[in-house]
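Following the hints, complete the assembly by docking chain W onto the known chain D.
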Amino acid sequence: MGPLVPNLISENLNYILALFIGIAFGAILEQAGFSSSRRLVGLFYGYDFTVLRVFFTAGIVAMVGVMTLDHFGLLDMNLVYINPTFLWSAIIGGLVMGLGFVIGGYCPGTSFCAAAIGKLDALALIGGALVGVLLFAEGYPLFEGLYKAAYLGSPRMYQTLGISQNLFAFVMVILALTAFAVASVVERKVNRLPAGARAWTPARVALVVGGLVLALSAFSFTDRKAELLSLVQDDKMVRSYPVEVMSVDEFAFRLMDEEDDKIQVIDFRAETEIARERLPKSYAFTVENLFEQEPSRLLRLRGKLNVFVANDELTERRMAVIAQELGFPRVQILDGGLQNFRRQILNFQPVRPPQDMYEQFTYRFRTKARRVIPELIRQNKQAVPVKQEKKRILDGC
Amino acid sequence: MKQSQYMNPYLAGVLLGLLLLATIYVTGRGLGASGAIKSVTVAGVESIAVEHARSAKFYQEYSREHAGAPLKNWLVFEIIGVLIGAFLSGLVAGRLKVVTERGARVTSRTRLVSAFIGGILWGIGSQLGRGCTSGAALSGMAVMATGGILTMLAIFAGAYAFAYFFRRLWI
Numbered sequence: 001m002g003p004l005v006p007n008l009i010s011e012n013l014n015y016i017l018a019l020f021i022g023i024a025f026g027a028i029l030e031q032a033g034f035s036s037s038r039r040l041v042g043l044f045y046g047y048d049f050t051v052l053r054v055f056f057t058a059g060i061v062a063m064v065g066v067m068t069l070d071h072f073g074l075l076d077m078n079l080v081y082i083n084p085t086f087l088w089s090a091i092i093g094g095l096v097m098g099l100g101f102v103i104g105g106y107c108p109g110t111s112f113c114a115a116a117i118g119k120l121d122a123l124a125l126i127g128g129a130l131v132g133v134l135l136f137a138e139g140y141p142l143f144e145g146l147y148k149a150a151y152l153g154s155p156r157m158y159q160t161l162g163i164s165q166n167l168f169a170f171v172m173v174i175l176a177l178t179a180f181a182v183a184s185v186v187e188r189k190v191n192r193l194p195a196g197a198r199a200w201t202p203a204r205v206a207l208v209v210g211g212l213v214l215a216l217s218a219f220s221f222t223d224r225k226a227e228l229l230s231l232v233q234d235d236k237m238v239r240s241y242p243v244e245v246m247s248v249d250e251f252a253f254r255l256m257d258e259e260d261d262k263i264q265v266i267d268f269r270a271e272t273e274i275a276r277e278r279l280p281k282s283y284a285f286t287v288e289n290l291f292e293q294e295p296s297r298l299l300r301l302r303g304k305l306n307v308f309v310a311n312d313e314l315t316e317r318r319m320a321v322i323a324q325e326l327g328f329p330r331v332q333i334l335d336g337g338l339q340n341f342r343r344q345i346l347n348f349q350p351v352r353p354p355q356d357m358y359e360q361f362t363y364r365f366r367t368k369a370r371r372v373i374p375e376l377i378r379q380n381k382q383a384v385p386v387k388q389e390k391k392r393i394l395d396g397c
Numbered sequence: 001m002k003q004s005q006y007m008n009p010y011l012a013g014v015l016l017g018l019l020l021l022a023t024i025y026v027t028g029r030g031l032g033a034s035g036a037i038k039s040v041t042v043a044g045v046e047s048i049a050v051e052h053a054r055s056a057k058f059y060q061e062y063s064r065e066h067a068g069a070p071l072k073n074w075l076v077f078e079i080i081g082v083l084i085g086a087f088l089s090g091l092v093a094g095r096l097k098v099v100t101e102r103g104a105r106v107t108s109r110t111r112l113v114s115a116f117i118g119g120i121l122w123g124i125g126s127q128l129g130r131g132c133t134s135g136a137a138l139s140g141m142a143v144m145a146t147g148g149i150l151t152m153l154a155i156f157a158g159a160y161a162f163a164y165f166f167r168r169l170w171i
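First to last, the protein sequences are chains D and W. Numbering-wise (the working numbering), the first sequence opens with residue 1 and increments by one. Numbering-wise (the working numbering), the second sequence opens with residue 1 and increments by one.
Isolated chain D (complex conformation) (with noise of 0.2 Å):
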C-alpha cells in the first residue's frame, strides 16, 4: 500500500527519486513546449491553448488515478499530502500569481524549464521569485494575518461542495473535455485558421475513447471506505455474509496457550474499555484502521489467525465483511462476542450438573479459563497499546 515513503523507500533514496521524478518532470514540460513564454501566455489571449490540454489532461488523469488507487487500497490517503485550506491567502495568493503569469510570461515550473534551454527572461523571472519570497519572507508581519485567516483543515473538494467524489471526478473530467473542444475553437478563430476537417483521424479518436474512459471510470472507482461503511449498516446482508466463527472454548484456549503464537485478537471495542481489560494477544483497533496503511499491515502478517472482538457479535460482523470485502486473509469471529465470551467464561456457572462427558470437560475447562484467563488479562495490563502514527508528508510546494 502507498505511499512507499517513509516506510519502504527510506528518506535519503527519496532525495535521489526527486532527482529522477524532477528529470521525467522537467523533459516533459519542455516536450510539452512549456519553455516558451509566448506560447504559455497565449492561454490568456486565446492563441494557443497547449497550457490547458497538458494541464488539464494531467490533472484529471493524476486524480482519477488517485481515485482507483485508493479504490483498490494500494493508496493510504491518510498519509497524502492534501493542500490545507486558507481560504483568502488561496484565493488571493491565486489571484496575484495570475497577474505575475500574465506579466512575467511563465509560472516557476516552467520558468525552471526554460532558463535551462537558454531563456534569459526565464532566468530573470526566477530572480525576481527569489526577491518575491524574500520580501514576504521579511514582510512576513505584514502578511502573517492574511496567511493564515479563515484556517479550514485540509477538505477535498467534493467534500466542501458536498457531493460524492464520484461525482466531483465526472464532472471534472467533463469540464476539461468541454474545455477541449472550446480551445480549439477559439485558437482557430483568433488565429484566424480555416475551421478544421472533421475528419476521424487515430489521433482524434484515441482522444474521444480516452476521454469517455477517463469520465467512466470516475464513475466507477468509487470511494470504498464511505461505500463500504454504508455497506455494513445493512443488517441482514451482514448476517447472512459467510464468516468463520471461532467457539468460545477456542478462543480461551488459544489465549491461554503459550506455544500459540499463530492467533492475534483484534479488538474493536472503544480504547477505554480495552484499557480495563485488555486481552492477551490483543491489539486496540478501529474501524478507521482496516483502512490505513500502517495499522492493516498487522492483519496481513504471514500464518496470522486474526479473530475480531468486539462486545456483540453484529459489530464484530460488519468489522469481518468490510475486512474480507478489502481482501484480509485470515480473519475469524468470536461467537457471541464478548458478551458471550464472558457469560460462557470468565464468569462461567455451572447452570446443571454435567449431562455427559463432553460436557464434564467443557465445565473442567471452562473452570480453569475463569481463573487463567482474568490473570492472564491483569498481566497484560500493562502492555503498551498498538499505536498507530501518522507519518503524513507536510511540506508543501
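What the hints contain is simulated information worked out from the structure, not anything from laboratory work. Since we're looking at a predicted model, the values are computed, not measured. Don't be surprised by glycine CBs; every beta carbon is placed ideally from N, CA and C. Some hints could be false.
As the list claims (entries may be wrong) - Label-pair restraints from in silico Cβ distances:
#1 W:48 with D:227: 51 to 61 Å
#2 D:189 with W:153: 18 to 28 Å
#3 W:106 with D:163: 40 to 50 Å
#4 D:372 with W:65: 43 to 53 Å
#5 W:93 with D:303: 50 to 60 Å
#6 D:20 with W:99: 27 to 37 Å
Just chain W now, with coordinates in the frame of chain D:
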C-alpha cells in the same frame, strides 16, 4: 505556427498525469516548484544574515516546519532534476539557445524587467497560495484538495482578468 516540433499536448498531459500519479504513490506528495525557490531564499538569508534569520518570525516558522538544512529539501532535488531534464530535452530537440523571448512590440529590456516583476509577484503569490501552478494547482487538483483547486481557479481567473492590460507585452 509549427506545432509539430512539440509533443502532442494530450500525450504530454497523460505522461505528466502519470508522472504525478507515480510521484504521489511513491512519495505521498505531488510535484512542486515554488517550494524550491523558498528553500533557496531561506538558505541564502540563513547564511548571510545569521542573526536576522534567528530572530525573524518567517524563518523561525520555516525551520520549525522543516527539519535539517533548507537546501536538503525534496523540492530542491526535484528542481535540479527539472533543470537537467529540460536541458536534455532541449538538447535533443535542438532548442538550446541563449535568447530573450519577447512579444513583437517590446524590447528585450522591457521583457526582462517585466519578467522580473512577474517573478516578484510569483514569489509573493506562491507564499500566500502555499504553492504555485505545480504544487497548489496541479498537485492539488490530483488529490482534489479544496485549497489547491481554489488557488488554481484564482490563478486562471487572475490571469484572464489582468491579461487585457498587459496585452502589449505579448500581442
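Hints, verified against the model:
| no. | hint | result |
| --- | --- | --- |
| 1 | W:48 with D:227: 51 to 61 Å | 55 Å, holds |
| 2 | D:189 with W:153: 18 to 28 Å | 25 Å, holds |
| 3 | W:106 with D:163: 40 to 50 Å | 46 Å, holds |
| 4 | D:372 with W:65: 43 to 53 Å | 51 Å, holds |
| 5 | W:93 with D:303: 50 to 60 Å | 55 Å, holds |
| 6 | D:20 with W:99: 27 to 37 Å | 29 Å, holds |
In summary, the structure agrees with every hint in the numbered list given earlier.
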